[in-house]
Amino acid sequence: MLAYITRRLVQTALILLGISFVTFVLLYLVPADPARQIAGRSATAATVENIREQLGLNLPFYEQYLRYLGGLLNGDLGRSYLQKTEVSTLIAARLPASLLLMAGAIFCELALGLTMGVVAALKRGSRTDDTLMIASFVGVSAPQFVIGILLLYVFAVKLGWFPIGGYGTFAHLVLPSITLGFLGAGWYSRMMRSSLIDVLRQDYIRTARATGATRAKVLFGHALPNAILPIIAMIGIDIGLFMSGIVVVESVFGWPGIGQLAWQAIQRVDIPIIMGVTLVSACAIVIGNLLADLITPLIDPRIKLR
Amino acid sequence: MRNLLLAGVAAAALSASALAPALAQDIKQGGSMTVTYKDDVSTLDPAIGYDWQNWSMIKSLFDGLMDYVPGTTELRPEIAESYEISEDGTVFTFKLRDGVKFHNGRALTAEDVKYSIERAVNPKTQSPGAGFFGSIKGFEEASSGDAEGLSGITVVDDGTIKFELSRPDATFLHVLALNFAHVVPKEEVEKYGADFGKHPVGSGAFKLAEWTLGQRLVFERFEDYWNPGVPKLDQIVFEVGQEPVVALLRLQNGEVDVPGDGIPPAKFIEVKNDPKFKDLIIQGGQLHTGYVTMNVKMEPFDKAEVRQAVNMAINKDRILRIINGRAVTANQPLPPSMPGYAKDHEGYAYDPEAAKALLAEAGLADGFETELYVMNTDPQPRIAQAIQQDLKAIGINASIKSLAQANVIAAGGEEDQAPMIWSGGMAWIADFPDPSNFYGPILGCDGAVSGGWNWAWYCNEDLDAMAQEADSMVDPAKAGEREAMWRDIYLKVMEDAPWAPIFNEERFTIRSERIGGDDKLFVDPVHIPVHYDEVYAKDVQ
Chain Z
1 MLAYITRRLV
11 QTALILLGIS
21 FVTFVLLYLV
31 PADPARQIAG
41 RSATAATVEN
51 IREQLGLNLP
61 FYEQYLRYLG
71 GLLNGDLGRS
81 YLQKTEVSTL
91 IAARLPASLL
101 LMAGAIFCEL
111 ALGLTMGVVA
121 ALKRGSRTDD
131 TLMIASFVGV
141 SAPQFVIGIL
151 LLYVFAVKLG
161 WFPIGGYGTF
171 AHLVLPSITL
181 GFLGAGWYSR
191 MMRSSLIDVL
201 RQDYIRTARA
211 TGATRAKVLF
221 GHALPNAILP
231 IIAMIGIDIG
241 LFMSGIVVVE
251 SVFGWPGIGQ
261 LAWQAIQRVD
271 IPIIMGVTLV
281 SACAIVIGNL
291 LADLITPLID
301 PRIKLR
Chain U
1 MRNLLLAGVA
11 AAALSASALA
21 PALAQDIKQG
31 GSMTVTYKDD
41 VSTLDPAIGY
51 DWQNWSMIKS
61 LFDGLMDYVP
71 GTTELRPEIA
81 ESYEISEDGT
91 VFTFKLRDGV
101 KFHNGRALTA
111 EDVKYSIERA
121 VNPKTQSPGA
131 GFFGSIKGFE
141 EASSGDAEGL
151 SGITVVDDGT
161 IKFELSRPDA
171 TFLHVLALNF
181 AHVVPKEEVE
191 KYGADFGKHP
201 VGSGAFKLAE
211 WTLGQRLVFE
221 RFEDYWNPGV
231 PKLDQIVFEV
241 GQEPVVALLR
251 LQNGEVDVPG
261 DGIPPAKFIE
271 VKNDPKFKDL
281 IIQGGQLHTG
291 YVTMNVKMEP
301 FDKAEVRQAV
311 NMAINKDRIL
321 RIINGRAVTA
331 NQPLPPSMPG
341 YAKDHEGYAY
351 DPEAAKALLA
361 EAGLADGFET
371 ELYVMNTDPQ
381 PRIAQAIQQD
391 LKAIGINASI
401 KSLAQANVIA
411 AGGEEDQAPM
421 IWSGGMAWIA
431 DFPDPSNFYG
441 PILGCDGAVS
451 GGWNWAWYCN
461 EDLDAMAQEA
471 DSMVDPAKAG
481 EREAMWRDIY
491 LKVMEDAPWA
501 PIFNEERFTI
511 RSERIGGDDK
521 LFVDPVHIPV
531 HYDEVYAKDV
541 Q
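If you read the protein sequences in the order shown, they are chains Z and U.
According to the working numbering, the stretch in the first sequence is residues 1 to 306, in order.
According to the working numbering, the stretch in the second sequence is residues 1 to 541, in order.
Only chain Z is shown next, with the shape it has when bound in the complex:
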């Protein structure tokens, strides 16, 4: 087990190194000149050159990359070109909001997805089943900004049940969590449905029924705990999905997380922020996957880590 974790952590470090290199190359190739951007349009060529020198942008590519890596090892993500402050400060200020949103989204997708899946499995072949599966199909395929704006319009603007975007109270969290969790809910309901149908066909369920256990006891005591196993492992992988989702959802709802930070930085070509957010998200995805792999054998003894 320990050896496995060590090996995975080494792999993780290599993956992150690779990601940092690829991102750095891509951003190096972007035709925007950061020095010119900082200097503004009234600047002379000498001023631009001076800024380029101060930022180390005149150095050859490999030297710039090594400098950046050196900073990373010291926990330094660099300074934002436009926000004029430490990237780590900016990310740290916004990370809690993103984590909160993700927690909310995980709750929503599980609550929504599992309920839908169970109901659909129990009513298999009925109208209810069809309706729920169409809904889950919509959840999987509808763009998040559409769902977000729809929810905002109906529940915040028209009905006034929730605030129109923003951050701070529990009420603010509801709509963005549902929007972000909706996609996952679609997947989970389908997985839950097929998994439960599968389990309900097993011999031990028939045996349980034969012993005279109630319908509820069979469902909650015997079927669900087994049907839910493959789903728990998925949550870790979801974090990767959320990382792309928060960019959209946070922008729609004005949620002050790192997704919004990334979106603003991309629009203004603020390279240090783009690098920083990419690396932090990559970390989150890799760690999420690692957790998923570690949890699976705990809940399913048939799987062993090697």
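These are calculated hints, taken from the structure and not from any lab test.
Quantities reported herein were computed from a predicted structural model and do not represent experimental measurements.
Okay, derived cross-link-like pairs now, DSS-like style, lysine-lysine, Cα gap no bigger than 25 Å in a straight line:
(1) Lys198/U - Lys84/Z
(2) Lys114/U - Lys101/U
(3) Lys84/Z - Lys191/U
(4) Lys520/U - Lys538/U
Knowing the structure of chain Z, use the given hints to seat chain U on it.
For chain U alone, kept in the frame of chain Z given last:
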């Protein structure tokens, strides 16, 4: 030396009453206003901030020697009480007001003014505005880092500061009204170092009370502000990270007073025709011109007839429809709200037949092939397509080169790259309301260099000489004469037609019912987008 202006109380009273009688009197201070923006506020350091949203915020946190009468382009002293300009226009002496304090309680002195401007020029500060101070003696040495300060700035005593210029500069008072010349306290700058922009301390009407990164900023009224009665509001809350569409919904709900990014283009027609919003929208001019440059160093645009023909071929009204009428058509480089604009100038009327005749005169009756460069974000490519169709009608086949902003700017800065460029999304909004601001870098010989902004590569030495002469007319009594001279310069430019001016963007601000103030304050030409110090809350009146 000759005393040209004594500001003091009299002038302040005069300018206030000049604005609007209803505004100057009996406005009670108090209340709060909520403003939203899509993007984070980058920095509130006056030497560095240079974007749409922080420009006016910095003006409320900091003060400079000069400012403008609210809602207008008319200069007036701010923390200066009076100033004198020498006969030859090279020495400016300012007397500071008594009782001007920084938010940390310390009194502001002439030493602070000197420090602040030298800081902006110092290359270590990386100020985008350093170049504006080019006329002060010692600028070259200071901006290259060879000298510590500017030899042209002298502190006479705590309340008096003297600027010596290397050439007469009629725009110098405007330069001192720029944010880059606003005054910062040395001790606070040194305390926060590179992060001063996140901990701004100035002497402005508001002070920063709270800044939660990525969420909100709160400005509070500065009790010790030198100008009693200003600001009108007790508090302004800026919420960032709000999409314009969402901000508009919140405005309807009464949660937001001013959506700082304006009305989103996609909603523009809907909002404008909505009776609920009708009285809340304020329209104003912007110091902006959108134009097509024609590279006079590349054939066949080296012929004036060809450039004039292009001017006549473009149907500007149709282009206005593409952008939902958020602009007015232009026929000269200057925008209508800029001093020096020639109201009666008719320009080149839309006349494809006459354009064709001009092309024939230039020996190009069969037309020619060329390229039109454009930035690749909507609506710019659609505008370029309209221009392309118009040119096609007179026989010019222009292929569109739609590129990222940085690439178009780079192509424009090369002598032989871009025959035509549509400037949309890149240039040019004036830094200060003076006609000279539309000349040097974009039409003068100085800008026609590699990496410059004069994408037409137009260089007319006679006009450059005239421009220099106009800018040395420092005497305010000659302001009218100077304005006329600039008007002439731009009309002469249009005879050579290196540009086809297309339109001047208009600004549309929307505000909630409870925020009051003269309409002009919401489309202030300098305090963009809103003059935060002067608008007031109706619910405390």
